[in-house]
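Asker: Each chain is listed here by its residues.
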Amino acid sequence: DTEVTQTPKHLVMGMTNKKSLKCEQHMGHRAMYWYKQKAKKPPELMFVYSYEKLSINESVPSRFSPECPNSSLLNLHLHALQPEDSALYLCASSPPRGTNTGELFFGEGSRLTVL
Amino acid sequence: QQQVKQSPQSLIVQKGGISIINCAYENTAFDYFPWYQQFPGKGPALLIAIRPDVSEKKEGRFTISFNKSAKQFSLHIMDSQPGDSATYFCAAPPTSGSRLTFGEGTQLTVNP
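The listed protein sequences correspond, in order, to chains A and B. The numbering of the first sequence is this note's numbering, which starts it at 1 and goes up by one. The numbering of the second sequence is this note's numbering, which starts it at 1001 and goes up by one.
The hints are simulated quantities; they were obtained by calculation from the structure and are not laboratory data. Please note that the accuracy of each hint is not assured.
With a straight-line cut-off of 27 Å between C-alpha atoms, the simulated DSSO-like cross-links for lysine-lysine are [to be verified]:
#, chain 1, residue 1, chain 2, residue 2
1, A, Lys-41, A, Lys-22
2, A, Lys-40, B, Lys-1015
3, B, Lys-1005, A, Lys-22
4, A, Lys-40, B, Lys-1071
5, B, Lys-1015, A, Lys-41
6, A, Lys-19, B, Lys-1042
7, A, Lys-9, A, Lys-40
8, B, Lys-1057, B, Lys-1071
9, B, Lys-1005, B, Lys-1071
10, A, Lys-41, B, Lys-1005
11, A, Lys-38, B, Lys-1005
12, B, Lys-1071, A, Lys-41
13, A, Lys-53, B, Lys-1005
14, A, Lys-53, A, Lys-9
15, A, Lys-18, B, Lys-1057
16, A, Lys-38, B, Lys-1057
17, B, Lys-1042, B, Lys-1015
18, A, Lys-41, B, Lys-1042
19, A, Lys-38, A, Lys-9
20, B, Lys-1015, A, Lys-9
21, B, Lys-1042, A, Lys-22
22, B, Lys-1057, B, Lys-1042
If you're wondering where the values come from, they're calculated on a predicted model, not measured in any experiment.
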């Protein structure tokens, strides 16, 4: 079983809704990530938090707003999304050496559908 | 950001056969090349990884071979089983920061 827990597993929202995706890990990892994955495509990096500070934002639209309340939690706030934002949103974490080696621990993802 | 080229895009193998997936990368400042396995509806999971100070790493039926001079690495699945049917992603470590680059993925189907 994955040690990165994501909720909810499925989310359906309208374009005017505000919702949040949540991620939790208790492995003591200090780097946490949000990825977006479309069907039959590799994960695409959205955000990276390192020691609770946003270190990478891959030019993601402002309708996606990340938050890292503490070293174990990562949120992704969603507002005014578009249908093309429908995808599997993956949270990942990595141990300190993982930031330079690609060793990522992924959650099972939140399947988002925007109507 | 570097490119990682993965082939084939899809692969069908009979049970007991050998599955081979290849990847090529560009320059890198770091030496750690992971393979991820993803089942439908699940997140990717680290399968096996190699540091290129060795040319081969084996874990059970899974073997990575690495050719540093050619900037290529490959995954071999011996005695392939239907339970191995999944999408496999190779990845190359970042040249800077934390941007792990994934290959486009290979959808493996192992027929019984």
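Asker: Compare the structure with each hint and give your call.
Answerer: A quick look at each hint next to the structure:
Taking the CA atoms of A:Lys-41 and A:Lys-22, the gap is near 23 Å; set against the 27 Å cutoff, the hint holds. Among the hinted pairs, A:Lys-40 with B:Lys-1015 is consistent with the structure: their alpha-carbon atoms are about 23 Å apart, no more than 27 Å. Proposed proximity of B:Lys-1005 and A:Lys-22 is contradicted: the alpha carbons are some 32 Å apart, above 27 Å. For the hint pairing A:Lys-40 with B:Lys-1071, the CA-to-CA distance comes to about 25 Å; that is within 27 Å, so the pair holds.
At roughly 26 Å between alpha-carbon atoms, B:Lys-1015 and A:Lys-41 fall within 27 Å of each other, so this suggested pair holds. A distance of roughly 22 Å separates the Cα atoms of A:Lys-19 and B:Lys-1042; the hinted pair therefore holds under the 27 Å criterion. Among the hinted pairs, A:Lys-9 with A:Lys-40 is consistent with the structure: their alpha-carbon atoms are about 19 Å apart, no more than 27 Å. Restraint check for B:Lys-1057 and B:Lys-1071: satisfied, since their Cα atoms lie roughly 16 Å apart, inside the 27 Å limit.
A threshold of 27 Å between alpha carbons decides the hint, and for B:Lys-1005 with B:Lys-1071 the separation of about 11 Å falls inside it, so the pair holds. Note on A:Lys-41 and B:Lys-1005: the hinted pairing holds, with a Cα-Cα distance of about 13 Å set against a maximum of 27 Å. Distance check on the hinted pair: A:Lys-38 and B:Lys-1005 sit about 18 Å apart at the alpha-carbon level, within 27 Å; holds. Distance restraint check for B:Lys-1071 and A:Lys-41: the Cα-Cα separation of roughly 23 Å lies within the 27 Å cut-off, and the hinted pair is therefore satisfied.
Straight-line distance between C-alpha atoms of A:Lys-53 and B:Lys-1005 comes to about 32 Å, which puts the hinted pair past the 27 Å bound. Pair hint A:Lys-53 plus A:Lys-9 holds up; C-alpha atoms about 26 Å apart against a cutoff of 27 Å. Between A:Lys-18 and B:Lys-1057 the alpha-carbon distance is near 47 Å, which puts this suggested pair outside the 27 Å criterion. Among the hinted pairs, A:Lys-38 with B:Lys-1057 is inconsistent with the structure: their alpha-carbon atoms are about 31 Å apart, more than 27 Å.
The hinted pair formed by B:Lys-1042 and B:Lys-1015 meets the criterion: a straight-line CA distance of about 23 Å does not exceed 27 Å. Taking the CA atoms of A:Lys-41 and B:Lys-1042, the gap is near 14 Å; set against the 27 Å cutoff, the hint holds. Using a Cα cut-off of 27 Å, the hinted pair A:Lys-38 and A:Lys-9 holds, with the two alpha carbons roughly 16 Å apart. At roughly 32 Å between alpha-carbon atoms, B:Lys-1015 and A:Lys-9 are farther apart than 27 Å, so this suggested pair is violated.
Restraint check for B:Lys-1042 and A:Lys-22: the C-alpha separation of about 16 Å stays at or below 27 Å, so the hint holds. Distance restraint check for B:Lys-1057 and B:Lys-1042: the Cα-Cα separation of roughly 26 Å lies within the 27 Å cut-off, and the hinted pair is therefore satisfied.
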